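Asker: Chain by chain, the residues:
Number of protein chains: 4
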Amino acid sequence: MLTSQLFRTFARYFKNIAMLHFDSDYMAGAHPEVLRRLVETNLEHTVGYGADSYCEQARQQIREVCAAPDAFVQFLVGGTQTNATVIDALLRRHEGVLAADTGHINVHESGAIEHSGHKVLVLPQHQGKVFASDVDSYISTFYKDDTYEHMVAPGMLYITQPTELGTLYSLSELESLSAVCHKHNIPLYLDGARLAYALAAPNADFTLPDIARLCDVFYIGGTKCGALFGEAVVAPNPERLPHFFPLVKQHGALLAKGRLLGVQFGALFTDNLYVRIAQHAVQLALQLRAAFDAAGYRCAMESTTNQQFFILPNDVIDRLFHYATFEYWGARGETESTVRFVTSWATKEDDIRELVSVI
Amino acid sequence: MLTSQLFRTFARYFKNIAMLHFDSDYMAGAHPEVLRRLVETNLEHTVGYGADSYCEQARQQIREVCAAPDAFVQFLVGGTQTNATVIDALLRRHEGVLAADTGHINVHESGAIEHSGHKVLVLPQHQGKVFASDVDSYISTFYKDDTYEHMVAPGMLYITQPTELGTLYSLSELESLSAVCHKHNIPLYLDGARLAYALAAPNADFTLPDIARLCDVFYIGGTKCGALFGEAVVAPNPERLPHFFPLVKQHGALLAKGRLLGVQFGALFTDNLYVRIAQHAVQLALQLRAAFDAAGYRCAMESTTNQQFFILPNDVIDRLFHYATFEYWGARGETESTVRFVTSWATKEDDIRELVSVI
Amino acid sequence: MLTSQLFRTFARYFKNIAMLHFDSDYMAGAHPEVLRRLVETNLEHTVGYGADSYCEQARQQIREVCAAPDAFVQFLVGGTQTNATVIDALLRRHEGVLAADTGHINVHESGAIEHSGHKVLVLPQHQGKVFASDVDSYISTFYKDDTYEHMVAPGMLYITQPTELGTLYSLSELESLSAVCHKHNIPLYLDGARLAYALAAPNADFTLPDIARLCDVFYIGGTKCGALFGEAVVAPNPERLPHFFPLVKQHGALLAKGRLLGVQFGALFTDNLYVRIAQHAVQLALQLRAAFDAAGYRCAMESTTNQQFFILPNDVIDRLFHYATFEYWGARGETESTVRFVTSWATKEDDIRELVSVI
Amino acid sequence: MLTSQLFRTFARYFKNIAMLHFDSDYMAGAHPEVLRRLVETNLEHTVGYGADSYCEQARQQIREVCAAPDAFVQFLVGGTQTNATVIDALLRRHEGVLAADTGHINVHESGAIEHSGHKVLVLPQHQGKVFASDVDSYISTFYKDDTYEHMVAPGMLYITQPTELGTLYSLSELESLSAVCHKHNIPLYLDGARLAYALAAPNADFTLPDIARLCDVFYIGGTKCGALFGEAVVAPNPERLPHFFPLVKQHGALLAKGRLLGVQFGALFTDNLYVRIAQHAVQLALQLRAAFDAAGYRCAMESTTNQQFFILPNDVIDRLFHYATFEYWGARGETESTVRFVTSWATKEDDIRELVSVI
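Protein chains in written order, with my numbering: chain C, 1 to 359; chain E, 1 to 359; chain U, 1 to 359; chain P, 1 to 359.
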């Protein structure tokens with residue numbers, strides 16, 4: 001049987017050949033409708049740095065769809081820079097950010113949070129999620145310790161929706177997290193890199209207005225949800241992010257041609273494009289899940305979004321790598337491994353059909 | 001006469017009306033040829049983070065045009081993040097970066113260099129340029145001071161080509177700067193945010209291979225020179241930037257859909273598009289300069305690139321703001337002020353003609 | 001029964017009354033011999049910042065006692081600043097420091113490591129110790145991950161000797177850790193805040209020359225081992241810590257009257273005072289342990305140094321707080337808790353006798 | 001004539017021989033009265049980190065002598081760490097600190113301010129002092145700039161009293177600086193590393209209560225004014241420095257045996273010792289100045305404190321280096337140089353007499 005290393009080499013070898021792509025949701029460019037708007041506006045001259053009317057209009061669309069009429073909205077380019085800038089803005093210097101040990105900021109941002117001087121305070125994850133009771137207990141225990149002033153104070157909570165493992169917080173879970181944060185007077189920040197896929201999940205019992213009501217700051221991901229790039233930071237109460245603009249610049253996260261972000265988010269929030277294209281992706285992901293299930297394979301996570309994790313025999317994995325790119329996630333004993341398949345707005349029904357035919 | 005504040009308000013009021021745009025070179029989108037390539041490749045699936053074949057091909061094109069076959073090339077999104085990341089990579093912790101007091105990193109990056117823990121060590125500027133003799137003297141004097149270990153050591157030199165004031169270093173000036181840096185064993189880093197306009201200047205006596213030969217690291221600006229966004233960091237000797245990739249990620253400067261940068265730089269370095277479109281802009285800028293000159297107004301800088309600085313009577317400025325957007329740069333006595341007009345690949349000959357007609 | 005909060009209030013109330021002190025090993029001033037040397041030299045004039053002859057002589061004494069004739073030795077004031085400065089010096093920007101989750105840098109330094117931009121990469125602790133096999137596995141697994149360049153690279157290993165829990169690495173354990181670090185080409189750094197008490201332990205099978213041979217950098221703690229304050233950083237190979245002096249200054253860790261550190265370490269390393277006074281402390285700690293053992297109480301840690309951890313019924317704890325100060329460490333079920341008693345060079349035999357009489 | 005380099009080598013060669021010491025005010029240990037108190041209290045056991053009764057008493061003494069009954073007082077070890085910690089506490093992330101270009105934080109702290117992520121915004125110095133009009137103009141101009149959000153905002157003012165050049169702000173100058181800071185709503189921070197010598201100057205027309213009334217935060221220097229080490233940070237309104245304690249720890253500036261600072265400051269503020277010993281030093285410094293004046297040499301600065309700067313012929317400097325240590329400050333044309341002589345509480349009248357005899 002091939003090792004994971006060989007799998008990957010193999011996948012790379014084939015990557016220039018026609019293949020089915022399930023490795024991630026940022027493999028293609030922008031949704032055609034988004035690209036069309038970029039092309040249409042390309043030769044216009046506007047002021048830079050997001051002070052243009054496209055950004056203003058997109059900000060207004062986001063305020064409306066979030067039912068947050070006073071919200072501060074700032075567009076940034078990518079997820080890591082957004083997390084680093086928002087967290088730097090929200091924390092005082094002696095504070096750290098609570099996050100699941102699987103949280104993107106704790107694992108996959110090359111220490112961007114620490115680069116700004118902040119510690120990630122790790123909570124246990126449960127299918128990628130943080131429990132409100134763990135947050136409560138962490139903070140309560142912290143302040144009972146005589147030496148707490150020698151320790152990094154829990155200054156905010158970071159969560160992802162959907163999580164890195166494809167799972168969702170329910171509305172009541174979000175309400176509990178919001179309540180525990182407010183009980184302890186720390187802000188709740190939601191990383192919505194794939195928020196469209198959460199909103200599009202069949203079991204989603206929350207809305208953007210719910211998120212705006214429950215979170216102090218969150219971001220609506222564009223990069224993985226139909227845009228070329230771009231993330232929209234939203235603070236329903238604008239006083240939560242004072243002096244954010246120079247901080248964005250200081251973090252190197254300010255796009256000169258800011259309107260590119262406004263144009264894209266404007267398109268995504270016209271006629272509900274943002275959620276519609278995610279529904280397509282989620283539907284295909286669930287078809288894939290049903291197919292693996294029918295073939296007798298187990299899911300590794302209770303995911304109802306566009307990331308699906310399966311436990312497959314190594315020889316099956318080996319065989320599937322002939323047809324598709326997907327992510328090897330780790331060994332599970334001697335003969336099985338976990339793998340991840342990701343769909344996006346760009347996945348075609350034919351891709352699923354073709355993959356299912358070779359499972 | 002209107003104050004500068006009023007000018008600006010005025011300009012903003014009119015910004016939605018048809019106007020001539022000379023405020024900066026990032027007001028429009030991408031050069032149509034660049035955009036065409038983005039559209040053509042939009043629906044392809046590639047791996048992320050710059051490991052795709054478009055990036056690899058663009059890197060190769062850049063190596064060729066720079067006559068630097070071994071060069072390390074990394075694409076980033078914007079100028080401030082590029083400066084912050086490169087400078088962070090080149091400096092040791094006890095070192096700072098020498099720069100002209102007008103240097104972009106010293107003035108207009110909201111403290112991004114200091115955010116990474118480094119001090120900007122200021123040298124006098126001469127029409128925006130740093131003199132090799134000042135660098136030599138700074139470093140020599142520094143190490144003669146008994147208390148130098150209590151001070152921030154000069155660890156690299158930062159220059160801009162063209163400078164923030166539109167002026168150019170000649171080849172011999174670049175050679176002197178390179179020599180003094182190597183004499184003192186510190187790297188020379190060139191910020192080429194507008195490098196196309198430098199290469200296109202009538203008096204440019206240097207080439208990209210010269211720059212690659214003389215600089216330890218430099219970047220080829222895309223944002224202001226025809227791309228939607230993007231800067232290409234080049235280290236002719238790749239050992240100058242070890243472990244640069246995770247540092248890019250740590251700085252939040254890694255684009256998920258990295259190929260967008262490869263596609264754009266690929267287009268810019270096909271058929272010399274990069275310099276051709278800058279030649280157009282410089283030609284128009286010099287026409288504007290000739291027109292102001294003919295009208296009896298002085299230049300504030302010896303600029304031969306796409307940024308032109310004029311000293312105009314305040315009432316003339318007042319009047320021109322009815323027709324065009326441009327930058328108020330500062331008062332010059334009671335009755336005159338300095339202003340900046342910038343052209344780009346997107347400026348039309350008609351724009352110049354129209355503006356000239358109302359000078 | 002009193003809660004821990006009440007215990008502490010109670011203890012504080014009594015702290016001005018004659019009590020037995022076992023809360024920590026930095027409650028008293030300096031060992032009289034150390035103080036005598038400070039008094040004798042007080043009115044001398046010397047150069048500052050450690051360039052004086054007392055520092056030079058103490059550096060030489062340390063080189064000799066460590067059998068490290070070329071060692072770089074730098075004196076700093078306190079432990080947290082020493083850890084922050086050394087770790088900042090040893091790590092490259094994309095790297096983090098491996099440490100036990102109970103490691104002082106991970107828990108009790110208020111984020112000083114992160115303040116310098118570095119992540120603490122947590123390893124499981126076993127009675128406060130790190131296992132070489134865990135280090136090996138962490139690093140091997142790390143580089144097998146396809147996304148490792150998006151993660152913080154393990155750049156060094158931090159250990160404490162004795163650990164925060166009073167336990168000791170044996171010589172063979174140190175050798176294994178050193179071997180695994182060298183196998184993966186990362187430095188091994190040993191925090192010796194209480195190193196005297198490790199050297200004085202009855203089961204210590206290692207010497208200072210062993211530590212100098214096995215560690216890339218370590219520090220010999222003074223604050224908790226007989227000095228008023230002060231820690232001596234030792235790099236047996238001086239090339240491990242280039243440009244360390246300006247970094248010490250940058251970290252605010254440079255003492256103006258540097259000779260105070262030289263005088264103290266000179267005294268501590270004259271006639272083996274450093275270990276002799278620790279032997280006294282360890283002997284008393286083990287008497288205490290024997291007494292609790294005889295009374296039928298369990299140890300919480302296999303400590304053979306000056307920190308002893310006992311599991312006591314809450315009513316016993318309650319009663320002992322009438323006589324002595326010590327640290328409440330945490331509940332252990334409903335009726336028992338863990339407590340810490342610490343001895344030092346300043347603990348008197350009578351203190352132990354008196355405490356034992358009331359157990 | 002010897003070059004400065006030779007001077008210094010020469011001075012070093014002689015430093016072990018009996019010489020007169022005028023190089024700085026931190027060459028000797030502690031004032032005997034301060035040391036006496038350290039010795040007397042040496043064997044007491046107290047809690048650590050400044051929670052002891054000696055610290056509490058010293059804090060109370062400082063509140064009284066400053067007429068600031070609610071003041072927050074925190075003891076730190078050295079000046080650079082104090083500046084770095086206070087400035088880090090006062091600035092928001094997008095802000096920098098205004099300071100004279102000769103300010104200690106701008107020149108002699110190895111980039112400690114930038115290490116915490118903050119830029120030093122440089123103002124012109126006038127005999128080491130900052131003019132209120134320059135502060136006013138800097139801030140007013142700053143906010144008039146259209147691009148100010150791309151620049152580092154002036155977030156506080158740093159001054160030294162006396163300055164690095166020995167000069168003093170008068171009461172009315174301090175009042176103007178305080179007024180301009182409050183006008184622009186930024187805190188005024190005074191670095192009092194040598195504050196005792198300012199208070200002891202014959203022309204001092206301000207008191208500690210004046211400083212407490214006019215500054216938002218200041219520190220009372222101990223290291224150069226009679227203590228072994230130690231600086232007392234004072235915030236008359238304690239709300240100016242919330243969460244300062246963990247920040248002190250994070251900066252590695254928290255002394256374990258905190259009472260050493262309390263004991264020393266307690267001694268310094270008993271019977272006005274702090275100012276009395278400085279008066280002695282200033283008196284001797286002025287005798288020296290009179291002697292140089294009588295010999296026909298010019299002062300380089302209008303200093304009335306313990307640092308005196310003279311312009312001397314190089315051959316005179318050469319000759320004086322046979323008898324005394326002092327600081328070579330820089331060439332002044334071909335044949336003259338500036339030198340600095342510093343007195344302290346430890347300077348003896350005989351030292352002055354002896355030096356004067358050889359001028």
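Hints in this document: simulated from the structure, not taken from any laboratory.
Heads up, some of the hints might be wrong.
Unchecked claim - Which residues of chain U face chain C? A few of them, derived with a C-beta cut under 7 Å, are:
#1 G117
#2 H118
#3 S172
#4 E175
#5 A179
#6 H182
#7 K183
Unchecked claim - Per label pair, the in silico range of CB-to-CB distance:
#8 Y143(P) x D101(C): 43 to 49 Å
#9 E64(C) x Y143(P): 55 to 61 Å
#10 R36(E) x Y143(C): 35 to 41 Å
Since the structure is predicted, the reported quantities are computational estimates derived from the model, not experimental observations.
Each residue gets a CB set at the ideal place from its N, CA and C atoms; glycine is no exception.
Asker: For each hint, tell me whether it holds in the structure or not.
Answerer: Now the hints, each set against the structure:
At its closest, the beta carbon of G117(U) sits 5 Å from a beta carbon of chain C; the interface hint therefore holds under the 7 Å criterion. The interface hint given for H118(U) holds, since its Cβ lies 6 Å from the closest Cβ of chain C, which is under the 7 Å cut-off. Taking 7 Å as the C-beta cut-off, the interface hint given for S172(U) is violated, the closest approach to chain C being about 31 Å. Taking 7 Å as the C-beta cut-off, the interface hint given for E175(U) is violated, the closest approach to chain C being about 30 Å.
At its closest, the beta carbon of A179(U) sits 25 Å from a beta carbon of chain C; the interface hint therefore is violated under the 7 Å criterion. This hint is violated: H182(U) has a C-beta 24 Å from the nearest C-beta of chain C, more than the 7 Å allowed. Checking K183(U) against chain C: minimum C-beta separation of about 20 Å lies over 7 Å; hint violated. Look at Y143(P) against D101(C): about 44 Å separates their beta carbons, and that is inside 43 to 49 Å.
Look at E64(C) against Y143(P): about 33 Å separates their beta carbons, and that is not inside 55 to 61 Å. The beta-carbon spacing between R36(E) and Y143(C), approximately 60 Å, falls outside the hinted interval of 35 to 41 Å.
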